[in-house]
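**Student:** Based on these hints, arrange chain C on the given structure of chain P.
Residue numbers (my numbering), protein chains in the order written: chain P, 38 to 461; chain C, 38 to 461.
Just so you know, these hints were derived from the structure itself, not from any lab.
Since the list can't tell identical chains apart, any single copy or any two copies may satisfy a pair.
The calculated lysine-lysine pairs, modelled on DSS-like cross-linking and capped at a C-alpha distance of 25 Å, are: (1) K419 / K133; (2) K379 / K63; (3) K63 / K158; (4) K419 / K131; (5) K396 / K199; (6) K158 / K131; (7) K418 / K133; (8) K396 / K446; (9) K158 / K109; (10) K133 / K416; (11) K281 / K396; (12) K367 / K131.
2 protein chains.
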Amino acid sequence: MGEQLSFDAPRGMRDFYPSDMIWRNKVFDAFRAAAEAAGFQPYDSCVVENYDLLARKAGEEVGEQIYHFYDKSERHIALRPEMTPTLARMVAQKQKELSFPLKWTTIAQCFRYERMTKGRKREHYQWNIDIIGEDSVLAEVEVISAACDALRRMGLSSADFKVHVSSRRLLGEVLERSGVPADRHAQVFLALDKRGKMPDSEISAMLADGGLEESLIEKVFQILSLSDLEAVRAYLGEEASSSKALSDLDALFSLAATAGFADCLVFDIGVIRGLSYYTGIVFECFDTKGEFRAVFGGGRYDNLLTTIGGEPTGAVGLGFGDVVVTELLKSRLGEDAVLSRKGIAVGFMCDEQRDAAVKLASSLRASGEAVDLSLRAQKPKKFFSRADSSNAAKAVFIGPDDLERGFGKLKDLQTREEVEICLT
Amino acid sequence: MGEQLSFDAPRGMRDFYPSDMIWRNKVFDAFRAAAEAAGFQPYDSCVVENYDLLARKAGEEVGEQIYHFYDKSERHIALRPEMTPTLARMVAQKQKELSFPLKWTTIAQCFRYERMTKGRKREHYQWNIDIIGEDSVLAEVEVISAACDALRRMGLSSADFKVHVSSRRLLGEVLERSGVPADRHAQVFLALDKRGKMPDSEISAMLADGGLEESLIEKVFQILSLSDLEAVRAYLGEEASSSKALSDLDALFSLAATAGFADCLVFDIGVIRGLSYYTGIVFECFDTKGEFRAVFGGGRYDNLLTTIGGEPTGAVGLGFGDVVVTELLKSRLGEDAVLSRKGIAVGFMCDEQRDAAVKLASSLRASGEAVDLSLRAQKPKKFFSRADSSNAAKAVFIGPDDLERGFGKLKDLQTREEVEICLT
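So here's chain P without its partners, still in its complex pose (with noise of 0.2 Å):
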């Protein structure tokens, strides 16, 4: 006993002392109460999952990097690296007693064992909303609106952030149009998906590789120029009416302007989503001085529950996670921006005062004051500076004089006046 550990948290893990919670408060705050005015219902899971539920979806490259281990029954588990192969499994689990379309929201801790590139931990939490059991494209609309409102709640606004809206199914049409075969899209897709991760001559290189001809290889450049959606109406020419990706496309431009969010969204053809379970809108949310990675993500998909044995059923899903935002919040805003001062300290000079500083703080606390009692009786300078410290709004420190008139002084911190508050 007594020999010294390490007192540092696991690598890659994250502590959060009460200045850092401050900060994560206001985030997971934004979130609920985005989520509830906008009538998504909670629902949570544990952090450890089935693995093979896990694997099942995994695709291209989470696979490799999901936490995994046996319990002692040789079960293989893992933790979750993203909610959303959960949210399937509890939805298949009941789909035949619950009432679609669900729209369901949790906030969970998922787990990724990568490289410590900065920025990136191996544990973050992800803000989940998911519309499941409605192919009309207002799921979508209600899934963005949702985001940009939390965003709204966490002090930004659309000059701060643009979500970048396009259609894999779309992309596809243009690429058919273009003459690429329908099988290549995927390989198209994967290489267009690392576009601002490198340059464009390797992603030419990733297509050429491919075997996508040079010409080929030109349009698809061709077509990430195509800067609105009336340039790609023009590109598809007569198939353009006949195209529902597009539709749904004008659909939802249309009505975020009903909403009043139309100022957050951008049409952007080369948002792709690596994922390769979205099929049709997608959607990607960017600071608009492009400083940080993605601020939330996700989009259509409607194979979700076929994958793992459920029934066939249209969903649209976000994924926003806690990092970036914050990030991005403290340089918006300031660091000092969450720094608010609330509640009361309650103190007293000698154990003679302690009987009515409890029954003052229990008085304050019963008419709905949170109330930071100090525990022995001490000096008022030292009452004070730790009051100030605290960001208390304001304190009353009994002393023996306050004891006899049977009244305190209650003093604002901020603009220091004082009232007198009755002791007995």
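**Tutor:** Structure of chain C alone, referenced to chain P:
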């Protein structure tokens, strides 16, 4: 792809559907509100912790029951069985910078690999409140007070539960007085901790196996019949006046009376608390009908930081799980106690009214309402049936006539009253 996987959560782990989340949020909200009212600051850390840290404190029985594994760099990590070692680590890490006493709180998911008996899961959430760096008994008072406040916020009263309070130091003094040598006290504590879980005859046998004489075993049971502090005072005789343990308990009951929750407390010399790290006052809360396991428990533990290599620091803490209290609440308040209507459902009959519905939903949300917007046109019967079963408080269903008039009907789903609401 498509082969059916199990849709069950991993063995011993819980899924929370929205109907479960209503209960969980009721409990968690009370935890958070009570902690805030009492001036505790939130902290958190990752469920993954260093194995060595957990094993150091794990004590008699927990060590074997930790979920542990190695990461890819062969670091030995584990899912925490409790939060206290992590708390100690975090405090030790910043012991020089932090301003003591700390009053910290968290709701931590904890894992224990144990037999699957009724009501025992392999994970649970545990509300922790701790005061670190304070020797005064007012620390114990504040911790117990906050826990009782949480129970009251959940809808229970002192008629439903009692906090059983004792002191390991006091029990030690009484044992000493009765002739049980100090080096046998730990063994007696261990045996007495099994009371209620096994018959007294087996406890006698345990004590006898440990080499305690028949006459001393009798005295141990005699001590257990000391039913209040006066009886203890009489038993200690003239040593009573010099007993710090006794005067601390006197102060605790007196301060609880001053703070107004003495009705929630009973003295119970039989409260031991299994974990060997408690050093002073210990307490455990039970439902008054004696139907459930302990609702919460805690006490003073003054050696925790030295155990892991930090500076000596007095501390009081409490762990309050989510499982037992939820069972207790459902039993005392009824399964339907959490059902309350809230929010507004907005629907529309044909696609022509979709824009109006989207607009109305946006403006209601902007005014602070939670709105569940239907995502597609539907028949009124279907809309109202869903609104009703999802416990919406109010509903607006927009048909062609409403759109023409420019007004919809906002219906109270409880009273069936309707008021006009502007659609433009």
